[in-house]
Amino acid sequence: MLLELKNIKKYFPARKDFFGGTKEYVRAVDRVDLQLRAGENLSIVGESGCGKTTLARLIVKLYPADSGEIIFEGQDITRFSFAQMKPFRSRVQMVFQDPYSSLDPRFTIFSVFQEAMHLEQGRYPSVDEQKKRMEELLEAVQLPADILGRYPHEFSGGERQRIAIARALIMNPQLLILDEAVSSLDVLVQEQIIQLLLDLQKRYQLTYLFISHNLRVVRRISARVAVMYKGKIVELAATGKVFKNPQHPYTKELLAAALDYRPVKRTTEIVLGENSQLVDTGGGHFVIQ
Amino acid sequence: MTNKKSLSQLQIAWQNFKKNRTAMVCVFILGIFYGSALFADFLSPYSYDNEDRNYSYCPPMKVHWVDAAGRFTGPQVYGMTLKFDEYHKRIFVEDNSQRFPVRLFVQGDPYKFLGFIPSRTHLFGVLGEGRLHLLGADTRGRDLLSRILYGGRISLSIGLIGVFISFSLGLLVGGVAGYYGGKIDNFLMRFCEVFMMVPGFYLMLALRSAVPDNFNSLQIYLAVVVILSFIGWAGLARIIRGMSISLKEREYVLAAKVMGLSDFTIIRKHILPHTLSYSIVAIMLSIPGYILGEAALSLIGLGIQDPTASWGNLLSEAMGIVPIHFAPWILLPGVFIFLTVICFNVIGDTLRDCLDPTLKTEGNH
Ligand SMILES: Nc1ncnc2c1ncn2[C@@H]1O[C@H](COP(=O)(O)OP(=O)(O)O)[C@@H](O)[C@H]1O
Ligand SMILES: [Mg+2]
Chain A
0 MLLELKNIKK YFPARKDFFG GTKEYVRAVD RVDLQLRAGE NLSIVGESGC
50 GKTTLARLIV KLYPADSGEI IFEGQDITRF SFAQMKPFRS RVQMVFQDPY
100 SSLDPRFTIF SVFQEAMHLE QGRYPSVDEQ KKRMEELLEA VQLPADILGR
150 YPHEFSGGER QRIAIARALI MNPQLLILDE AVSSLDVLVQ EQIIQLLLDL
200 QKRYQLTYLF ISHNLRVVRR ISARVAVMYK GKIVELAATG KVFKNPQHPY
250 TKELLAAALD YRPVKRTTEI VLGENSQLVD TGGGHFVIQ
Chain B
0 MTNKKSLSQL QIAWQNFKKN RTAMVCVFIL GIFYGSALFA DFLSPYSYDN
50 EDRNYSYCPP MKVHWVDAAG RFTGPQVYGM TLKFDEYHKR IFVEDNSQRF
100 PVRLFVQGDP YKFLGFIPSR THLFGVLGEG RLHLLGADTR GRDLLSRILY
150 GGRISLSIGL IGVFISFSLG LLVGGVAGYY GGKIDNFLMR FCEVFMMVPG
200 FYLMLALRSA VPDNFNSLQI YLAVVVILSF IGWAGLARII RGMSISLKER
250 EYVLAAKVMG LSDFTIIRKH ILPHTLSYSI VAIMLSIPGY ILGEAALSLI
300 GLGIQDPTAS WGNLLSEAMG IVPIHFAPWI LLPGVFIFLT VICFNVIGDT
350 LRDCLDPTLK TEGNH
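Those protein sequence lines, which keep their order, are chains A and B.
Sequential numbering of the first sequence, starting at 0, is according to numbering that gives the first Met the number 0.
Sequential numbering of the second sequence, starting at 0, is according to numbering that gives the first Met the number 0.
One or more of the hints may lead you astray.
Capping the alpha-carbon separation at 16 Å, the derived lysine to aspartate or glutamate pairs in EDC-like fashion look like this [stated by the list, open to error]:
| # | chain 1 | residue 1 | chain 2 | residue 2 |
| --- | --- | --- | --- | --- |
| 1 | B | K247 | A | D97 |
| 2 | A | K60 | B | D262 |
| 3 | A | K85 | B | D262 |
Honestly, the hints are just simulated from the structure, not real lab data.
If we strip away everything but chain A, and leave its shape as in the complex, we get:
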């Protein structure tokens, strides 16, 4: 198992009372269990605000988890310090949603890549070697090699996202977390980037944790999908099964919305029980109960 999340939890303080104590919490991620095999391609799907981004950030330790365990290649990294995390940082990388803010506008593409290379001391000792690796990566994301001297504002959204993907690949990660990586692109560019991601996965034996609010995109890319709702995973199964035979009412809603190209329509509020758990309903089709 490459990555295992056990009972992971993250609540954010939402309101303070008069004395500055916390009164209410947002249950951004509420006791989530998830397992990811090496080479797998798993999607997390759910409406905006359901906790997908928080879950992704917990895995790369941008936030500390309130409770639970994050196990990477058999090692519990939940409470690792900054220094202890060092070997793991290169193994897990992330691509962000907004191509316009994921590259520092002050740096050329060369400097962006070089920053990542400097973190792996000694691996690329000369500028020539750095250049060689950069060109190889640009070729992999299908960008011309002569763009290294340019600044981010000279690129389109799709091109920037390719650059962000290349930057994430510099450290040779095993797991790539893509948080709404194609969501802000228009449909044609989206399709190109998805195709690129599929190619890259084969080429570099990557494992993807692909996050999206859009089931149609998820169907294009992932073999397995986890449906998230209010901080919990409510359904988890092979993508085909979820599309053919959705079990949870929220999944049905999401599916109807995706196929009709309309926003999620809520008829009755879906309530999740306090101690509900994912249960296998047969053939690896997990539903919360």
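Guided by the hints, dock chain B with the ligands onto chain A, whose structure is given.
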């Protein structure tokens, strides 16, 4: 993809800035001021403390190029004799029997060029027994032009050093507070507020009273710089903190964290530089505050002490109505303060206009 050279956003802003005539004139004026302050000892005909009581309040002298018969003589100044008019008022009258040639590169008061090369050569000066006061002299017969040049060293550098100290403090404290948030933020901001609560002028006086009386002029200079820096930094820290809070949510900061860059590197490379557009403008607009602050302290006698010259303490001689009435040229240092302040303000405003469009493309949405 074109072949033209890629420009960073600062370079683009600079190109826009260069198109603004007024601002470029101001840059030029400040360039001259700072240049002449740097070479003050060479450019000025006298040292700042060279005095001749016979020339007390001598008015600006005329340079004569021809003699009474109209023959070309080269630049000359005449001797000045003190007379009293019918109201017993002191007046200086030119005595054209005494003529002193004005020459380039004359030998005069010794100084150290750039602080280490001993020299006696001055750009220009008068030969023989004469004295040269192109902008007049002060009450002790010291050359005002020389004192303004020397004074520029102090007044102009106080702005730069003061801004350097207060901005280093403000950027560091603001950046750290905003980036870490929580308890660190709380503590640092309460600390800033202590400084912000006291009105600047009173804080200045209070701090000044803590400085021992027996300081020499260099020590007083440093004390004044530190005092002035203590006033400006807190407000800046609060603004930088606000920017840093929003900047740390930018995805390139998160990406840098995920890659494992240290907090310090992230603040230095990816947070503080993005406050630069704001900071440059704020720096330009706050330098005048230091120059005026020094002037205010010196004017009331708490700043730079005579015989050392600063524009502030040169002006302090013009505190009474009588000297202003009889020797209006002693107000000239005020013109220099005024010009400097105006120039910094114009440059700051123009920079703000030029930097704003690039702020918009930084992905604020
Ligand atoms: N840093 C934070 N502080 C407080 N609340 C947060 C924070 N980050 C996310 N939240 C809240 O947690 C919930 C889940 O957010 P998020 O993980 O961003 O959802 P998603 O990525 O699925 O849209 C939302 O209600 C959001 O308002
Ligand atoms: Mg999100």
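To see whether the hints hold, each was checked on the structure:
Using a Cα cut-off of 16 Å, the hinted pair K247 of chain B and D97 of chain A holds, with the two alpha carbons roughly 15 Å apart. At most 16 Å may separate the alpha-carbon atoms for a hinted pair to count; K60 of chain A and D262 of chain B meet this at roughly 14 Å. Between K85 of chain A and D262 of chain B the alpha-carbon distance is near 14 Å, which keeps this suggested pair within the 16 Å criterion.
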